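Chains as they are written, first to last, in UniProt numbering: chain A, 1 to 514; chain B, 1 to 514.
By construction, these hints were calculated from the structure, which means they are not laboratory data.
Just so you know, nobody snuck in bad clues.
Sample of chain B residues at the chain A side, in silico, Cβ under 7 Å:
#, residue
1, I209
2, E239
3, T243
4, V244
5, F255
6, D256
7, S262
8, M281
9, V282
10, S303
11, L304
Below, computed lysine-lysine pairings styled on DSS-like, alpha-carbon distance capped at 30 Å:
#, chain 1, residue 1, chain 2, residue 2
12, B, K248, A, K146
13, B, K271, A, K299
14, B, K472, A, K269
15, B, K423, B, K368
16, A, K7, B, K187
17, B, K248, A, K299
18, B, K421, A, K42
To list a few chain B residues with every Cβ distance to chain A over 10 Å, as calculated:
#, residue
19, E91
20, N150
21, D165
22, Q182
23, K187
24, P326
25, N403
26, K423
27, R427
28, L477
29, F478
30, N479
31, S496
Predicted, not measured: the structure shown is a model, and the values here were computed from it.
The beta carbon of each residue, even a glycine, is placed where N, CA and C say it ideally should be.
Protein chains: 2
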Amino acid sequence: MLNNDQKKNIAFLDCTLRDGGYYTNWDFNTGLLDHYLEKTNKLPIDYIELGYRSKVKTEYRGAFYYSPQFLLNYCKNRTDKKLAIILNEKEVNLQDLDELLDPCKNIIQMVRLAVAPSNLSRVVDIAENIKSRGFLVSVNLMYASKWEQNLYLEESFRRLNSVLDYFYVVDSYGSMHPSEVQEVFEKLRGAMDVKLGFHGHNNIEMALINSLTALDSGATIIDGTVCGMGRGAGNLKTELYLTVLHKKYNLKVDFDILNDLSNSFTNLKKKYGWGTNLPYMVSGAYSLPQNEVMGQVKKRFYSLNSIISEVQDVATNKEDFKFSAPAKKLVNQFVLVGGGQSPQKFYSFIREYLKQNPEMGIIHSSSKNLEVFRDLKNFQIHCIGGMEMDRLKNKLFVEQMENRIFIVSQERYSALNFAEKFKQNIRFLPKGHYQTNYTLSTTAMAMDIVNYYKAKKIMLIGYDGYDQSATKEQLELFNENQSIFDSIQVNKLKVSSLTSTKYDVNTNSIFSLI
Amino acid sequence: MLNNDQKKNIAFLDCTLRDGGYYTNWDFNTGLLDHYLEKTNKLPIDYIELGYRSKVKTEYRGAFYYSPQFLLNYCKNRTDKKLAIILNEKEVNLQDLDELLDPCKNIIQMVRLAVAPSNLSRVVDIAENIKSRGFLVSVNLMYASKWEQNLYLEESFRRLNSVLDYFYVVDSYGSMHPSEVQEVFEKLRGAMDVKLGFHGHNNIEMALINSLTALDSGATIIDGTVCGMGRGAGNLKTELYLTVLHKKYNLKVDFDILNDLSNSFTNLKKKYGWGTNLPYMVSGAYSLPQNEVMGQVKKRFYSLNSIISEVQDVATNKEDFKFSAPAKKLVNQFVLVGGGQSPQKFYSFIREYLKQNPEMGIIHSSSKNLEVFRDLKNFQIHCIGGMEMDRLKNKLFVEQMENRIFIVSQERYSALNFAEKFKQNIRFLPKGHYQTNYTLSTTAMAMDIVNYYKAKKIMLIGYDGYDQSATKEQLELFNENQSIFDSIQVNKLKVSSLTSTKYDVNTNSIFSLI
Numbered sequence: 001m002l003n004n005d006q007k008k009n010i011a012f013l014d015c016t017l018r019d020g021g022y023y024t025n026w027d028f029n030t031g032l033l034d035h036y037l038e039k040t041n042k043l044p045i046d047y048i049e050l051g052y053r054s055k056v057k058t059e060y061r062g063a064f065y066y067s068p069q070f071l072l073n074y075c076k077n078r079t080d081k082k083l084a085i086i087l088n089e090k091e092v093n094l095q096d097l098d099e100l101l102d103p104c105k106n107i108i109q110m111v112r113l114a115v116a117p118s119n120l121s122r123v124v125d126i127a128e129n130i131k132s133r134g135f136l137v138s139v140n141l142m143y144a145s146k147w148e149q150n151l152y153l154e155e156s157f158r159r160l161n162s163v164l165d166y167f168y169v170v171d172s173y174g175s176m177h178p179s180e181v182q183e184v185f186e187k188l189r190g191a192m193d194v195k196l197g198f199h200g201h202n203n204i205e206m207a208l209i210n211s212l213t214a215l216d217s218g219a220t221i222i223d224g225t226v227c228g229m230g231r232g233a234g235n236l237k238t239e240l241y242l243t244v245l246h247k248k249y250n251l252k253v254d255f256d257i258l259n260d261l262s263n264s265f266t267n268l269k270k271k272y273g274w275g276t277n278l279p280y281m282v283s284g285a286y287s288l289p290q291n292e293v294m295g296q297v298k299k300r301f302y303s304l305n306s307i308i309s310e311v312q313d314v315a316t317n318k319e320d321f322k323f324s325a326p327a328k329k330l331v332n333q334f335v336l337v338g339g340g341q342s343p344q345k346f347y348s349f350i351r352e353y354l355k356q357n358p359e360m361g362i363i364h365s366s367s368k369n370l371e372v373f374r375d376l377k378n379f380q381i382h383c384i385g386g387m388e389m390d391r392l393k394n395k396l397f398v399e400q401m402e403n404r405i406f407i408v409s410q411e412r413y414s415a416l417n418f419a420e421k422f423k424q425n426i427r428f429l430p431k432g433h434y435q436t437n438y439t440l441s442t443t444a445m446a447m448d449i450v451n452y453y454k455a456k457k458i459m460l461i462g463y464d465g466y467d468q469s470a471t472k473e474q475l476e477l478f479n480e481n482q483s484i485f486d487s488i489q490v491n492k493l494k495v496s497s498l499t500s501t502k503y504d505v506n507t508n509s510i511f512s513l514i
Numbered sequence: 001m002l003n004n005d006q007k008k009n010i011a012f013l014d015c016t017l018r019d020g021g022y023y024t025n026w027d028f029n030t031g032l033l034d035h036y037l038e039k040t041n042k043l044p045i046d047y048i049e050l051g052y053r054s055k056v057k058t059e060y061r062g063a064f065y066y067s068p069q070f071l072l073n074y075c076k077n078r079t080d081k082k083l084a085i086i087l088n089e090k091e092v093n094l095q096d097l098d099e100l101l102d103p104c105k106n107i108i109q110m111v112r113l114a115v116a117p118s119n120l121s122r123v124v125d126i127a128e129n130i131k132s133r134g135f136l137v138s139v140n141l142m143y144a145s146k147w148e149q150n151l152y153l154e155e156s157f158r159r160l161n162s163v164l165d166y167f168y169v170v171d172s173y174g175s176m177h178p179s180e181v182q183e184v185f186e187k188l189r190g191a192m193d194v195k196l197g198f199h200g201h202n203n204i205e206m207a208l209i210n211s212l213t214a215l216d217s218g219a220t221i222i223d224g225t226v227c228g229m230g231r232g233a234g235n236l237k238t239e240l241y242l243t244v245l246h247k248k249y250n251l252k253v254d255f256d257i258l259n260d261l262s263n264s265f266t267n268l269k270k271k272y273g274w275g276t277n278l279p280y281m282v283s284g285a286y287s288l289p290q291n292e293v294m295g296q297v298k299k300r301f302y303s304l305n306s307i308i309s310e311v312q313d314v315a316t317n318k319e320d321f322k323f324s325a326p327a328k329k330l331v332n333q334f335v336l337v338g339g340g341q342s343p344q345k346f347y348s349f350i351r352e353y354l355k356q357n358p359e360m361g362i363i364h365s366s367s368k369n370l371e372v373f374r375d376l377k378n379f380q381i382h383c384i385g386g387m388e389m390d391r392l393k394n395k396l397f398v399e400q401m402e403n404r405i406f407i408v409s410q411e412r413y414s415a416l417n418f419a420e421k422f423k424q425n426i427r428f429l430p431k432g433h434y435q436t437n438y439t440l441s442t443t444a445m446a447m448d449i450v451n452y453y454k455a456k457k458i459m460l461i462g463y464d465g466y467d468q469s470a471t472k473e474q475l476e477l478f479n480e481n482q483s484i485f486d487s488i489q490v491n492k493l494k495v496s497s498l499t500s501t502k503y504d505v506n507t508n509s510i511f512s513l514i
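Model the full assembly from the supplied sequences, consistent with the hints where possible.
Rendered as structure tokens:
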């Protein structure tokens, strides 16, 4: 192990522009870049990772996702630091390396490879090839909190050992405790003798102590980002690490420069608000992908209890429920009610149409417009996603339980606290084609229901689409729904919208039908 | 030591209303209080600390600073939790206890005493008295990162051991590392056998790992606050601690309730923005009072390097400087130039007045208006506080070094990187009456200079005061300056303002003098 003087001298890599890019879509303005390069020059930082090198994507990504040669040269001319770039191993093949790495020659010192444990054997040839081009090579092995015991026995370790300059432990979920870091490093030191690194995330605020523990356990390079800027909860904070190393190991730090550097990211921090919060802490505690947890909370409106219930039993009366398939009814046609505003706007017309067609079923993919249909005698099915059950609680009464069922998702017992009045009406639908392809989508659930009842026709009400002020989550939902509707049409099921819509489907005004 | 099942069952105390009060001046609106009590009722929290009990202060403090009986009853009626209040030991004597604690009877279970190590012996009688009133008693001993080795040998420990229910380790500076927590708990277990607690702060993001380490080292009660709300960098986050204990020890937690609770503090967090940042990290790393560090950065404009230079040598050429007392000149009258806007507004008039009176000295307490006076031949003295030297660097040229000196503070080598051109002109003034009473104030420094030169008369220019949009720091400076001027007048030194001012001093319009 290292003594304090050696610990002071181990390498530090700042990857603000790469990991922070997840918030800015890899755009950073030139003023900030210049400031960053100027200030880091005067700080005890050894490497700067500029960004990814990547093949062209169809969607827009900024400069630090591609790190074009112009950018590499621009930075090289403004920094004394050694430069690194990173490749996403799963998107890279041997034959891509000329295109990706030729522009890096004589500019970039280190090429890092972000690798999933399942792809470890694949990466050996790539690492060898990169090494032969004269770069330092690092494998950054992700998901360390979920590494299996037999990972360390893999033949790939032996082969990589003779190729790599650095092997990084990446705590992708930000979920490791110091004792786990220590254990992982001990095992790694038994499996290989290349230099070891640690890349920590801060979901449960362990990034610093884990990095210090990594140092104590033999790491010789540590990653961090300014203000911890990085996906979700973010990374080890460069300024925190340098401050603590200054105090603990007498590392030379100019704090006024460090303050200038961290202050220059304050505005971005205000804008994007990275840092930990309860959903990210839960992701960390349970090694769940934080973007997925946040997406389920913000887009699907699932509750944290329901998310955790998948990985560990929370206080729940799940066992009390005997789910059963819904009884079949002869329903040929359904209206599918979305969460848009048109049902409220055309309240009387829509109700009149359904009264005139009492044999028509109603499927609610959202509970937002439930009141419009509440007292109608049509057979009504509620697709329960997210926290819908909570919302329904005060909107439906015992008198309305006849001719109504609630379908819960197989993926997620989303309705952990069913009100007593609902219990008899809850049904469980085996996962069909749509739910398989569109996890957690209530529109997909509705399509599986339509299939289950072998209905021939489905009419949309309240699938209005979104206006220009739509959030990222809303746009994702829009695209997902559109893709479901496209696939229905392919399957010869007739779908049309009875109210004005931005979706690309046939329309058939409800006012022409009554 | 405890096994996992016991760890799950150790007590948790939430002190959001007490420690969060430092941001809200102990005001919390009733809606938030109701929500907090309702949600905490459903979470594995054992104690709620409502606030301080305190004698009347002259300045305004909210309900949770006094915790009047009405508030105690209001909360008691809305919570199933055990309630605690805390007393600030240094403000409390035995004879105050009737007044402070009679209203707590049958409502409050635990009375805690926040105690400085130097007062440990004093607190024994107070703790005994409180215990005799039927309360559980805790001593919360502050500044754990600075406890001396012989603290544990104090007779008070033996005496407290027979009185206390809990003894808390308080990491006041948020600066402890887990190994230090472990060491402190080991020593404490050697010195006493009462139940031990840990109260952590998050300056260097160690609050969680330190609390977990405390658990491993024998603590049986832990403190936290919702979203970490608390002075400066804040506390252990209640939601983080509960999440990790849920995962690690299978503690039963309803995450939807916990999410509701933490979300209800989001707006306060946006408004007050607690949490760590570089100045707070530095405070933590060096066990410095965080409010003092932040005050020096925000109010006095000192640089972090200069603050750290007091406690540890940073990269500095301090040794190169031989400070000398300023040469005495016969100067009877000084104008003292502040940082307000009037010197720029009345540029020509002010310059004309000083040209007409070349024997009059100019003292600059700020460099903001330096340009107005730059080329004047009057003897000029610059009081160097904060980062003034940095600001001066590009505003003064070698030609202007004649008849000009720079006075640096004894408290703080504020000008660590003197430009070469200044070196000959830097002087060091022995600390006088004003600097002793008003640490780091450049106005106080100016008054000591006036005394040093035995001048009889001082005229203010640019001490305009602040308007209604003044920040807290500006108002504090205003009050401090006013208090200095009041004290000057008592000392028979004539002081008047030549420009319009909000300070309560004599005025003597400059336009009447030229």
